[in-house]
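Could you put the whole structure together from the sequences, leaning on the hints where they help?
Read top to bottom, the protein sequences are chains A and B. Under our numbering, think of the first position of the first sequence as 163, with each following residue one higher. Under our numbering, think of the first position of the second sequence as 115, with each following residue one higher.
Rather than coming from a laboratory, the hints here were simulated on the basis of the structure. Don't take each hint at face value.
[Unchecked claim] Only pairs whose alpha carbons sit at most 25 Å apart, straight line, appear in this in silico PhoX-like list of lysine-lysine:
id, chain 1, residue 1, chain 2, residue 2
1, A, Lys-351, B, Lys-376
2, B, Lys-537, B, Lys-503
3, B, Lys-465, B, Lys-537
4, B, Lys-537, B, Lys-481
5, A, Lys-351, B, Lys-125
6, B, Lys-382, B, Lys-322
Keep in mind the model is a prediction, meaning the values are calculated, not measured.
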Amino acid sequence: MTSLFLPAVLADLPIAPTPGQLGWVLLALVLLSIGLGMSWAGFVERNPRLRRVGRGLALAGLLIDLALILWRNMVGRRACPIQDNFDSVLLFVVLLGGVLFYLVMIYRRPMLPEAGPRRSVIDVVLLPLMIAMQGMAVAIYFGGYRNFKFTDLWQQLHLAFLLTATLLSAAAAVGAIMYLLMNRALRRKKTESLLGGLPSLERLETLMQHAVLWVFILLTLSAVIGMLLRAGVGVTGGPVHVSLAKLSLAVASWFVYGVLLAIRFVPRYRGRSVAWLCMFGFGLMLATYVVVQWQRTAGG
Amino acid sequence: MRILIAGCNHKTAPLAIREQIAFDAEAVDRALKAFVTQYPRSEAMLVSTCNRVEFYVARPAHNPPDPRQLVAFLADSHSIPPATLERVMYQHEDVDAARHLMSVAGSLDSMVLGETQILGQVREAFRLAQQAGTVGPVLTRLCQDALSTAKRIHTETGLSTGKLSVASVAAQFAQQIFSDFRDKTVMIVGAGEMGELTLDRLVELGAKHVLVVNRSRERADALAARYHGEAMELDRLDEALTRADVVVTSTGTPHPIITAAKVAGVMKARRYRPLFLIDIAVPRDVEPEVTSVQNVYAYNIDDLQDVVEANAGSRAGRVVDAQFILEQQVEGFMAWLRARALGPTIAAFCKHLADLRADELEWLMPKLANLPQRERDLIEQFSHRLVSKVMHDPVRVLTEACGPDSAAGDVYAQVLAQLFGLKVDEDE
Chain A
163 MTSLFLPAVL ADLPIAPTPG QLGWVLLALV LLSIGLGMSW AGFVERNPRL
213 RRVGRGLALA GLLIDLALIL WRNMVGRRAC PIQDNFDSVL LFVVLLGGVL
263 FYLVMIYRRP MLPEAGPRRS VIDVVLLPLM IAMQGMAVAI YFGGYRNFKF
313 TDLWQQLHLA FLLTATLLSA AAAVGAIMYL LMNRALRRKK TESLLGGLPS
363 LERLETLMQH AVLWVFILLT LSAVIGMLLR AGVGVTGGPV HVSLAKLSLA
413 VASWFVYGVL LAIRFVPRYR GRSVAWLCMF GFGLMLATYV VVQWQRTAGG
Chain B
115 MRILIAGCNH KTAPLAIREQ IAFDAEAVDR ALKAFVTQYP RSEAMLVSTC
165 NRVEFYVARP AHNPPDPRQL VAFLADSHSI PPATLERVMY QHEDVDAARH
215 LMSVAGSLDS MVLGETQILG QVREAFRLAQ QAGTVGPVLT RLCQDALSTA
265 KRIHTETGLS TGKLSVASVA AQFAQQIFSD FRDKTVMIVG AGEMGELTLD
315 RLVELGAKHV LVVNRSRERA DALAARYHGE AMELDRLDEA LTRADVVVTS
365 TGTPHPIITA AKVAGVMKAR RYRPLFLIDI AVPRDVEPEV TSVQNVYAYN
415 IDDLQDVVEA NAGSRAGRVV DAQFILEQQV EGFMAWLRAR ALGPTIAAFC
465 KHLADLRADE LEWLMPKLAN LPQRERDLIE QFSHRLVSKV MHDPVRVLTE
515 ACGPDSAAGD VYAQVLAQLF GLKVDEDE
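Given below as structure tokens:
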């Protein structure tokens with residue numbers, strides 16, 4: 163069976179975060195927090211300049227994280243920055259930032275010119291999550307650092323699928339939050355619904371549907387690989403221990419996204435109910451990801 | 115003549131009251147005729163749109179009605195207690211009334227600042243009043259000045275550019291629900307200018323499928339042909355609702371035609387697709403309770419106000435320019451009105467001098483009976499020229515005193531009347 167799996171080819175030097183790196187992480191955390199504050203103030207005050215500065219600071223924080231990941235992986239001679247929980251969490255923040263700036267970019271302009279540019283709220287929704295994950299990186303430094311000691315690429319693939327699925331579930335959850343905000347604004351007939359810069363309900367529904375589909379596919383693949391890893395099939399070093407907490411959360415997440423996929427075909431359950439379920443699913447995914455980052459055992 | 119106005123608009127009266135006192139064209143005609151029958155020496159005009167109902171009257175200075183009687187007349191026309199209307203109606207007189215109409219026509223008082231639709235509505239109100247035979251020289255001049263004010267404001271300030279109209283606001287809200295209109299069906303129920311403007315904006319967004327529902331099959335066909343759409347009669351409304359994604363209603367029916375029960379009934383057949391209802395009719399066509407149905411969003415004309423007002427704030431500079439033009443025009447009109455008010459004084463002055471001349475000629479001519487006819491004619495001509503020259507300067511000064519830069523006309527007129535003992539009929 164070993165031939166079915168990719169060989170373990172990557173070096174894995176232990177690179178526990180240093181105090182200097184912690185300093186950079188803290189600086190990025192501060193920049194993200196100030197960025198969120200300015201972006202929020204700019205949103206409330208309708209001050210685009212304030213928002214641009216806020217986003218600029220958040221971008222600077224993300225660039226610091228990215229540089230840190232590259233630095234650490236060059237030192238550790240790693241090809242993929244998911245071999246310890248410190249890198250994995252920072253990578254998650256950077257990828258969420260990528261999602262954020264992509265969404266900000268595509269929702270900038272309305273179709274009718276007289277309404278002026280849209281005031282996107284996506285950063286206000288996503289930045290708190292990024293700040294929480296950045297805080298988790300700080301917590302990892304103070305006592306939770308784990309090197310996963312991957313012995314082959316399948317383990318990395320397993321975690322990469324989980325990471326991507328979590329990111330996509332974050333996108334679905336952001337879409338869900340925006341859907342609920344937009345729906346509420348439209349029902350309350352608020353001006354903000356027009357000028358607030360949220361994407362249309364239809365677009366948000368499509369975003370949720372696509373994200374849910376890919377989350378389910380990636381979770382299924384990740385689960386299959388995880389089951390094989392757990393059975394010790396083709397894994398260097400024998401069966402991998404999987405905690406009950408992780409297993410339960412992973413199964414629950416897979417089930418929720420399965421349900422979300424199925425109710426696409428039940429027209430009665432669309433809109434708000436799907437949005438709430440997407441947010442619940444993301445909560446489970448995030449919990450699974452956090453549990454994975456804190457597990458003591460390798461490869462889980 | 116005095117000018118009066120009593121009215122309410124989207125700022126002073128909720129939609130529920132505005133729809134109670136709205137007039138259609140026939141009702142306008144009836145009301146105007148009834149009014150001038152009741153107050154025979156008055157001029158009257160009614161502006162009734164979805165955002166306002168205003169009653170303009172010009173009447174002799176010492177004649178009824180007063181503004182409260184206007185409110186009572188409007189209340190009586192719709193069998194509403196006058197007290198209900200008095201709470202929501204504003205009343206203006208003379209210069210304020212003239213300023214108000216010019217402000218309305220120039221869309222400075224509109225929900226959508228700078229919109230041009232109101233110009234057509236004021237023109238139509240004037241046409242209806244002309245048709246009913248209830249406008250005279252004062253309201254005619256006032257309307258003409260109001261329309262020229264509007265034109266100046268639009269061309270000289272650019273107030274109508276870069277604005278949000280009701281139609282574009284409705285389209286913007288539609289964009290918050292749907293992202294792609296190419297596969298959406300847009301339905302218009304009833305035919306009205308604002309409804310068609312809204313439909314235009316939705317078609318601009320890419321809507322390809324248009325349904326036109328109307329009581330009159332002919333009008334539905336004509337409108338459908340314009341948009342390459344499909345015409346349907348009103349009795350197939352349920353079927354149309356099943357197919358439509360965006361519905362624009364602007365019928366003149368007195369009761370809602372799209373009820374919550376009707377919408378709830380078609381949702382299953384629609385597979386619970388979102389439905390966006392834009393009700394720009396007054397009285398409303400869509401029952402407010404429809405929003406309790408999931409995935410149904412409904413906006414009426416008042417719901418668009420916040421958006422429009424938010425947009426208005428950003429164009430405050432143009433409003434200042436528009437106000438300047440407005441004041442110039444108001445002053446011009448008031449000068450004309452004052453000059454017109456001096457007509458009886460000037461007429462009395464001329465008549466007084468002509469009478470004097472006639473009296474003196476009557477005394478003189480029998481005494482000059484021996485003179486040849488040519489000399490007698492010269493004497494008559496001399497008296498005529500003398501009276502004309504005596505009249506010329508006082509009349510010129512009096513007229514100039516009514517101009518925009520001077521308001522001394524009334525004082526001069528009184529002095530003239532006292533100096534010459536003139537008997538002036540101010541109501542003439």
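Starting from the hint list further up, note which numbers the structure goes against and sort them upward. Hint 4 contradicted; others consistent.
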